[in-house]
Structures are given as structure tokens and as C-alpha cells.
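Novice: The listed protein sequences derive, respectively, from chains A and B.
Using UniProt numbering, the letters of the first sequence map in sequence onto residues 1 to 197.
Using UniProt numbering, the letters of the second sequence map in sequence onto residues 1 to 197.
Derived from the structure by calculation, the hints contain no laboratory data.
It is possible that part of the hints are untrue.
Straight-line distance between alpha carbons at most 35 Å, and here's what the computed DSBU-like set of lysine-lysine pairs gives [unchecked claim]:
hint, chain 1, residue 1, chain 2, residue 2
1, A, Lys192, A, Lys160
2, B, Lys160, B, Lys192
3, A, Lys192, B, Lys160
4, B, Lys30, A, Lys30
5, B, Lys38, A, Lys38
6, A, Lys38, B, Lys192
7, B, Lys160, A, Lys38
8, B, Lys30, A, Lys160
Listing some non-contacts, in silico: residues in chain A with all C-beta distances to chain B over 10 Å [stated by the list, open to error]:
hint, residue
9, Met39
10, Ala45
11, Arg76
12, Ile175
Pairwise CB distance ranges, derived in the manner of DEER restraints [to be verified]:
hint, chain 1, residue 1, chain 2, residue 2, range
13, A, Val181, B, Ala193, 43 to 49 Å
14, B, Gly114, A, Gly177, 28 to 34 Å
15, B, Gly18, A, Thr145, 27 to 33 Å
16, A, Val181, B, Gly115, 44 to 50 Å
17, A, Pro143, B, Leu113, 18 to 24 Å
18, B, His69, A, Thr150, 53 to 59 Å
19, B, Arg100, A, Arg22, 20 to 26 Å
Beta carbons: idealized from backbone N, C-alpha and C, even for Gly.
2 protein chains.
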Amino acid sequence: MQNDPIEHLISLLSRLPGLGRRSARRAVLKMLMDPADKMLPLADALRAAADSVRPCEVCGNLDAASPCHICDDPHRDRRLVCVVEGVADLWALERAHAHRGTYHVLGGLLSALGGTGPEDLSVTPLLRRIEANGIEEVILALPATVDGATTNHYLTDRLKPTGAAITRLAQGVPIGGALDVLDDGTLAAAFKARRAL
Amino acid sequence: MQNDPIEHLISLLSRLPGLGRRSARRAVLKMLMDPADKMLPLADALRAAADSVRPCEVCGNLDAASPCHICDDPHRDRRLVCVVEGVADLWALERAHAHRGTYHVLGGLLSALGGTGPEDLSVTPLLRRIEANGIEEVILALPATVDGATTNHYLTDRLKPTGAAITRLAQGVPIGGALDVLDDGTLAAAFKARRAL
């Protein structure tokens, strides 16, 4: 009964990450208890977001404005740009209040297996930004994976001629992390990068 | 930034059962990758369901039609009515293809602590249905909790004068259930209700 509005809604909701069929059903039932207050505002919010949100023309962040509110913020230090794989990472760094500069969304990682080459990533726009805006430090905040490391190497080579300092995130023991459950690679990296107290 | 359409959408989504803030954020990011294909259909489906779905005037099921498609189905045995606490239970029994009759949604359970009395439940309409339609068996499919048992007792008293047979679901070991992880109450009930092979 695909033309049944309830079944149709459940099947659309259950395609979202984190929602299975079971929880989609529960969510729909809960919303149907109070459609005017629970469903219509959500429908409006979805439509408003779909209509207004687009990638920032400068950094690639998703926002209702372009340039986005970060690129547009006069208190941000434009000499520091933090390179991230995707918008999710940008949002995570913002939640952590980790960075006072601006961002650059790469749009992926180099991956031989995934067939992602340099031309699929936003590298040329990054080079152009660095040259046009006198960026002094490029912080590579890419994931600590094989593809992340490959992309770090590639970007370091490409960005070196600009003269900007190139840094990457520290690797080590996560805050609150117990040593005995950490993987060997992280433990070895943290040991090697130990610091004097 | 509550007037930010992305934050607004995340906060509405994260109020759904089963979705925390983290998964709501992931869901919104995924949808924003393809708004026309992922967000607008969901907005339309929410609006269509809110506009069309209402409680069935006969049984209380939620459906786009009233009487609902179950009450309206000529192949259903109208002499059997299954009483459930809420629509979620009705849907669960339908998925299990457990029942070939019709349903009656009670809308709750008697609860001294929760302050739910008989007048809050759909009991009078149930009595009227039994008398008007010559219902022969009323199956009480209420949860096996204290409130469920209280409601079972109350309904049995109220329905007895109608002359309809009153049954309730069997209690015992769930299919696939290991004995050693079952609670004592279920084990004792299953033991007491043992059947000859």
C-alpha cells in the first residue's frame, strides 16, 4: 500500500541515516497524535531548508547565506584556514570551538579504490584563496585514515609553493580515553609524539 | 541561531523518538546533499499525512480514510473484535497477520498513578459496537503489565453482560526466547499454563 500516506511517510523517514523502519514507525505515530503541532512545522522546516540552504561560494560550508556566516564573520581570522573533508567535520570543529579562522571544504579525500582524484576535490579554489587572501597557515584537519594521509601528502606538495605554513591535527590518546581499549596505531603514535611536562 | 534554517530543522527532527541531536544532524546533512530529491518529498509526505490521516470513527485506528481500510474490508470477520491500548499495538498485530477480525483502540489503560479512569477510555463506544453488530468474541490484547491486568479485569466486568466471549492473549515463553534470560514472572506463568503435547 505505497499510496497510503502513512506507509509512504514511514518509508521516506526510514531512509534517513539513524532511523530504521521501526523507529520511523514510532516517530510517525507520535507525530500523528498531534499533526498540526508536530508534522506541519517539520514539513515547513524541510521546505525552508531545501529552498534556502546552499554551499558557500567561498568555503563550501552549507548555510542559508553565501558567503556563509563564518566567512562573513569579521571576527574570524582570515589568515588561518582549516581544510576539512566535508561539512560534518566543519560543524564538529565549530561545536568544539576549536578554530578561530575560516574553513575550506575539500569535498572528499583522494582514494585510489574509490576512484577519487585531485580533480574531484576543491584544491584549485583553495590555492586561489591562499594566494588572493595572504593566508599564513593552512591547518589540514583530515581524518587519520589511509586516504586522509594520502590527501595530506598531496596537499602538502601542492600548497608548499604558496609559502603558507602547513600544519595538521595532533594525533594521540583521546581525552578520557583508557589506554587498554585504544588501537595499537594510536598508542604507538601517541608514544612516539610524547611531550615533556 | 534559532532562526538558522539548518539549526531549526535539526532541533525539530531531534525531538522525534529514536533520533538524538547527533543523528538528526547526520540526517539533515545527508538530505542537504540532495534537497530536491530528499527534503521536498519528505516535506510533501508530512503535509499529505497531516492533512489526510485521522482516527477511524469506528475503531480509532489512524488512516487516510474513515472508516479505516480494516473496518471497511469486507473480508474481515466483524464478529471478532480485538481490543488494543493504542494504534501502535494495532499495527503490530496487523504486521504479524495475527487477527482476521476488526479492532477497537481503547486509547490508554486504567492507571491509578497516571490518573486515567474509565471515562478516559473508549469503553462506551466499544459496548455500543458489541451490541449493534452482534460481536461474538472480544479479544483483549492489552500489555501484560499491572495497568493492562487492571484494565482486563475492568473490561471483563463491563463486557460480561453483552454475552460476547471474552478472551485474552496467551502468556508464555516468546518464540526464540532462551529460558535463562526470561524474567521470573514470565517463566512461572509459562510453567503454570503448560500444555500437553
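Novice: Holds or violated: Lys38 (chain B) with Lys38 (chain A), Cα cutoff 35 Å?
Specialist: holds, 19 Å
Novice: 28 to 34 Å was suggested as the range; check whether the CB atoms of Gly114 (chain B) and Gly177 (chain A) agree with it.
Specialist: 43 Å Cβ-Cβ, so the 28 to 34 Å window is violated.
Novice: Given the hinted pair Lys160 (chain B) and Lys38 (chain A), is their Cα-Cα distance within 35 Å?
Specialist: Cα-Cα ~40 Å, so violated.
Novice: Please confirm whether Ala45 (chain A) is truly not at the interface, meaning its C-beta sits more than 10 Å away from all C-beta atoms of chain B.
Specialist: violated, 4 Å
Novice: Does the alpha-carbon distance linking Lys192 (chain A) and Lys160 (chain B) stay inside the 35 Å limit?
Specialist: Violated, at roughly 79 Å.
Novice: Given the hint that Lys30 (chain B) pairs with Lys160 (chain A), test it: the Cα-Cα distance must not exceed 35 Å.
Specialist: Answer holds: Lys30 (chain B) to Lys160 (chain A) is near 34 Å, not above 35 Å.
Novice: Grab the minimum beta-carbon distance between Ile175 (chain A) and chain B and tell me whether it stays above 10 Å.
Specialist: The claim holds: Ile175 (chain A) sits with its nearest Cβ about 18 Å from chain B, beyond 10 Å.
Novice: For Lys160 (chain B) and Lys192 (chain B), compute the direct alpha-carbon distance and say whether it is at most 35 Å.
Specialist: holds, 26 Å
Novice: Taking 53 to 59 Å as the stated bounds, is the beta-carbon spacing between His69 (chain B) and Thr150 (chain A) within them?
Specialist: Hint holds: Cβ distance 56 Å, inside 53 to 59 Å.
Novice: Does the Cβ-Cβ separation between Val181 (chain A) and Ala193 (chain B) fall within 43 to 49 Å?
Specialist: holds, 46 Å
Novice: At the C-beta level, are Arg100 (chain B) and Arg22 (chain A) separated by a distance inside 20 to 26 Å?
Specialist: At 24 Å between Cβs, range holds.
Novice: Between Lys38 (chain A) and Lys192 (chain B), is the straight-line Cα distance small enough, at 35 Å or below?
Specialist: violated, 46 Å
In summary, the numbered hints that this structure violates are 3, 6, 7, 9, 10, 14, 17.
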